[in-house]
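Q: The lines below spell out each chain.
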Amino acid sequence: MRVALFVTCLVDLFRPSVGFASIKLLEAAGCEVVVPEGQTCCGQPGYNSGDRASAQAVARRVLQDFAAYEYVVAPSGSCAGMIKTHYPELFKDDPAALEQALWLAKRTYELTDFLVNVAKAKAVSASFKGSVTYHDSCSGLRELGVQSQPRALLQAAGVPVKEMANAATCCGFGGTFAVKLGDISSAMAEKKCAGALATGADAIAGGDLGCLLSIEGRLRRRGDDKTKVIHVAELLAGPE
Amino acid sequence: MSDALRSGGQGNPRDRILERIRAATGKDAKSATQDLEAVQSRLREHPRGPRPPFNWPELVAQFRAQASALQSTVEVVENLADVPAAIAHYLEDLQLDRRAVSWPEFRGLDWRAAGLQVEQRTVRDGDLVGITGAYAGIAETGTLMLLSGPQTPAAMSLLPDTHIAILRTSRIVEGMEEAWNLLRNEHGKPPRAVNFVSGPSRSGDIEMQIVLGVHGPYRVHIVLVTQDAGTPRELINTDWWRQPART
Amino acid sequence: MARMSGVRADAVAKVPNFEEIRTAGAAIRDRVLSNLDAYLFQFEQAAQARGVIVHWAETGTDVNRIVRDIAQQNGVKKIIKSKSMLGEESSLNHYLQEAGLDVRETDLGEYILQISGETPSHIIAPAIHKSKEDVGELFERVHQMPRKHTIPEMCREARMMLRPHFLSADMGISGANFLIAETGSVVIVTNEGNGRMTTTMPRIHVAITGIEKVIPTLEDLSVLLRLLTRSATGQATSNYISMLTGVRGPNDSDGPEQMHVVIVDNHRTELLASDMREALRCIRCGACMNHCPVYEVIGGHTYGWVYPGPIGSVLTPSYVGLEKAGELPNASTLCGACAVVCPVKIPLPDLMRKLREKSFERKLRPASERLSMRLWGYVAARPKLYALATKLGARMLQWMGGEDKLIHKLPGGLKEWTNGRDMPAPSGKTFRELYAEKKAVGK
Ligand code: SF4
Chain A
865 MRVALFVTCL VDLFRPSVGF ASIKLLEAAG CEVVVPEGQT CCGQPGYNSG DRASAQAVAR
925 RVLQDFAAYE YVVAPSGSCA GMIKTHYPEL FKDDPAALEQ ALWLAKRTYE LTDFLVNVAK
985 AKAVSASFKG SVTYHDSCSG LRELGVQSQP RALLQAAGVP VKEMANAATC CGFGGTFAVK
1045 LGDISSAMAE KKCAGALATG ADAIAGGDLG CLLSIEGRLR RRGDDKTKVI HVAELLAGPE
Chain B
388 MSDALRSGGQ GNPRDRILER IRAATGKDAK SATQDLEAVQ SRLREHPRGP RPPFNWPELV
448 AQFRAQASAL QSTVEVVENL ADVPAAIAHY LEDLQLDRRA VSWPEFRGLD WRAAGLQVEQ
508 RTVRDGDLVG ITGAYAGIAE TGTLMLLSGP QTPAAMSLLP DTHIAILRTS RIVEGMEEAW
568 NLLRNEHGKP PRAVNFVSGP SRSGDIEMQI VLGVHGPYRV HIVLVTQDAG TPRELINTDW
628 WRQPART
Chain C
5 MARMSGVRAD AVAKVPNFEE IRTAGAAIRD RVLSNLDAYL FQFEQAAQAR GVIVHWAETG
65 TDVNRIVRDI AQQNGVKKII KSKSMLGEES SLNHYLQEAG LDVRETDLGE YILQISGETP
125 SHIIAPAIHK SKEDVGELFE RVHQMPRKHT IPEMCREARM MLRPHFLSAD MGISGANFLI
185 AETGSVVIVT NEGNGRMTTT MPRIHVAITG IEKVIPTLED LSVLLRLLTR SATGQATSNY
245 ISMLTGVRGP NDSDGPEQMH VVIVDNHRTE LLASDMREAL RCIRCGACMN HCPVYEVIGG
305 HTYGWVYPGP IGSVLTPSYV GLEKAGELPN ASTLCGACAV VCPVKIPLPD LMRKLREKSF
365 ERKLRPASER LSMRLWGYVA ARPKLYALAT KLGARMLQWM GGEDKLIHKL PGGLKEWTNG
425 RDMPAPSGKT FRELYAEKKA VGK
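Residue numbers (our numbering), protein chains in the order written: chain A, 865 to 1104; chain B, 388 to 634; chain C, 5 to 447.
A portion of the hints provided could be inaccurate.
What the hints assert, rightly or not - List of simulated lysine-lysine pairs, DSSO-like, C-alpha gap at most 27 Å:
hint: 1; chain 1: A; residue 1: K1090; chain 2: C; residue 2: K349
hint: 2; chain 1: C; residue 1: K349; chain 2: C; residue 2: K362
hint: 3; chain 1: C; residue 1: K419; chain 2: C; residue 2: K433
hint: 4; chain 1: A; residue 1: K1044; chain 2: C; residue 2: K136
hint: 5; chain 1: A; residue 1: K970; chain 2: A; residue 2: K956
hint: 6; chain 1: A; residue 1: K888; chain 2: A; residue 2: K1044
hint: 7; chain 1: C; residue 1: K136; chain 2: C; residue 2: K152
hint: 8; chain 1: C; residue 1: K388; chain 2: C; residue 2: K442
hint: 9; chain 1: C; residue 1: K413; chain 2: A; residue 2: K1044
hint: 10; chain 1: A; residue 1: K970; chain 2: A; residue 2: K986
hint: 11; chain 1: A; residue 1: K1090; chain 2: C; residue 2: K409
hint: 12; chain 1: C; residue 1: K433; chain 2: A; residue 2: K1090
hint: 13; chain 1: C; residue 1: K419; chain 2: A; residue 2: K956
hint: 14; chain 1: A; residue 1: K956; chain 2: C; residue 2: K362
hint: 15; chain 1: A; residue 1: K986; chain 2: A; residue 2: K956
hint: 16; chain 1: A; residue 1: K1055; chain 2: C; residue 2: K134
hint: 17; chain 1: C; residue 1: K413; chain 2: A; residue 2: K1090
hint: 18; chain 1: A; residue 1: K1092; chain 2: C; residue 2: K136
hint: 19; chain 1: C; residue 1: K367; chain 2: A; residue 2: K956
Calculated directly from the structure, the hints in this document are not laboratory data.
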């Protein structure tokens, strides 16, 4: 299986290790992984800010750069959701691009979803010792139905998951929301942290770096420097 | 365009609003007339929508369970003649007033023998117990269906602290849809007020704590009467009134 | 709110085909909206046949005038009200009081707000922001009665205070949950019984309702009621569902002698004509706000007008103007929780995004925001430039993170991030750089 990795802009800038971990996991599942060079961002910041024209310009590049691969995988429910559910809407008035968008949407997956349902990854292991609580990021959960997949992988790797009551509640990140309405965003992150800490888990895991940056940022600000905040790919791929 | 739909020009709010609606929904004179006919035929057909599976074993038991879940209390007697004694017991247990007002249809019952003083008159503020019948009971939710009318005043089930309803078990139907059939078959059109009552009045407006008895009754007691002439099932299950009267 | 979302989830779980019913509910509402003229016409005919006087109001001002005229022509002095969102839209209470009428809210939550001079913060639980102590203190002061300490005692006291008004009022004003085209009926759903009181005791009943509230038949009502009560309060049914059709008969001992229905446009036809028509499906259950994590943090009053929560973020800009309320659709993470629970499947996040696009197009967003979006768009569509920008950015952020690798204060347009949290700093090189380095080594 030839898989193009959509690294995502946040991973590129903030935590390259998630990208490398994704490659490792995909290769371990028997995929040949390609990282298309021109990629930047999926266009979501523009799309959700109402700047359709900018979003389209950015998304057109994605359509081009990822046209030639059997599968496209992103370590993010948010970016995969953008491509899968919103590109068709974004290009609804441009038949040629729409056709490409629908084709791309069909082949695009969130990482854990792909590993479980397409690559049927069997042997996964985790170097992480300790328990985790899992944050379901909104787009992954509600646009792509990602919920059991990461948990199945964690279970297969022998990582105990302690569920928090508010696992499916938004953490407050919301892309540009986090900088437009920072106070509300932080207050939401605080609720998420409180729910996560109440489980007593050693780490908070998730599938979207945006959420994780917000959660970790809040956790550190409230003085917690013990609880790890980690992307599920890093957790499963172990150390470099 | 049919006369009915023809607007009287730009003169009044009604016509302007309807005109804006037509413009918003892309209608011209012709399509508006056709659509009106389609709408009228839908109203005549009134098809049923999906509803939860009704797989309870027995109607009356379902009604009782649901009514109790909504904090109505339910008891069963055989005959209408048994009702006064049952109500007397109920009031005594709760140490409630033994005076009541009721719908006129219960005038003939021997209330006095049960030690109750029950008047058939218009309900007033200060009346503590109101006794009514019920047009139907809905098993799905344990709900009473009451129709207003000269003999079945609506306020009787509303003003008193305690509402006692006498319901014949033959009038218990599966869901609201069966109740609509009954209503259409027996009355053709709805009376001034159709009230569905599901338990005592309640509010969660202060700190979301549920409190019973806000503006309506504090308690609803349902006395089910099992022996009576019965309601023909075709009134409940069919929609024969819709068929043309002439053949 | 956690409680409210819990009870809904439990109620929905008991209905295996809830999704099917939701789909049917959305279809009923869509059918009405695409034939709204015909359904309103049918409703009007059927209602008039039962002696109802139907009024049409284009604006909130018209609503106020119509209701005042009805009151004055009939020598009305005292009015009791059960909840009417349309009345909130036009500030009806205030207007009627200015006209010298005595107006009493009767929904317990609304009553609490009225005597404290506040506005609702939730459409189903309007006084949800008030504590039991607040209410106890308020009642003591306003009712001049000994202080009550439990909620049941407070409810009893409110009942006692309101009962005389129910019995002495000349006119009752209500909203309408639904209008039924088949029968010309107004349907009102309440738990407290104030809706029944308002429509049974006074000699005049006025129901105020938006044009979109009409539904076809009694069967359709059953479908929508099953959705409404479960979504609103987690109940399989509400305590009181009243279907009111016309005026009292000659031998009736109760019921109003006059029934008026005021059908209101107030910008709804604009919404109907727009690409946001789905918003008019709303049956005002409140589930979207009960499940909204932003609402949970900011509360209902922050939404600034009658409708809070996600549906408010869609309706308010549509009704009062994007210029005045353009911030609302931006006040969402688009997490999608609302759309998942909406009983009539309104795609609320999509509608908010459409409003964001409209504000952006109409240049209603701050210039700095528009500029930064355009700049981002320009750079992100040019990979080489983007690579350079992120390379510099990664180093800059690493430097800002300092020793503990946490940025405590971000500058400029990003500064709100660090109001309440830190930003974990990156390690200095982008994935792109590291991957290229790796590849070079591999070769
Ligand atoms: S938008 Fe949907 S969830 Fe929100 S109040 Fe309306 S019907 Fe209920």
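Q: If a hint holds in the structure, say so; if it doesn't, say that too.
A: Going down the list of hints, with the structure as the test:
1. K1090/A with K349/C: Given that 27 Å is the threshold and the Cα spacing comes to 42 Å, the pair is violated.
2. K349/C with K362/C: holds (22 Å)
3. K419/C with K433/C: Distance ~23 Å between K419/C and K433/C Cα, so the pair holds.
4. K1044/A with K136/C: violated (35 Å)
5. K970/A with K956/A: Measuring from Cα to Cα gives roughly 16 Å; hence the hint holds.
6. K888/A with K1044/A: The hint is violated at about 36 Å.
7. K136/C with K152/C: holds (10 Å)
8. K388/C with K442/C: holds (19 Å)
9. K413/C with K1044/A: Within the cut-off at roughly 15 Å; holds.
10. K970/A with K986/A: holds (24 Å)
11. K1090/A with K409/C: Roughly 14 Å separates the two Cα atoms, so the pair holds.
12. K433/C with K1090/A: The given pair, whose Cα atoms are some 25 Å apart, holds under the 27 Å limit.
13. K419/C with K956/A: violated (35 Å)
14. K956/A with K362/C: holds (17 Å)
15. K986/A with K956/A: Distance of about 39 Å is beyond 27 Å: violated.
16. K1055/A with K134/C: holds (21 Å)
17. K413/C with K1090/A: Given pair K413/C, K1090/A holds - Cα atoms ~22 Å apart, limit 27 Å.
18. K1092/A with K136/C: Outside the cut-off at roughly 40 Å; violated.
19. K367/C with K956/A: holds (23 Å)
Hints 1, 4, 6, 13, 15, 18 from the list above are not met by this structure, while the remaining hints are.
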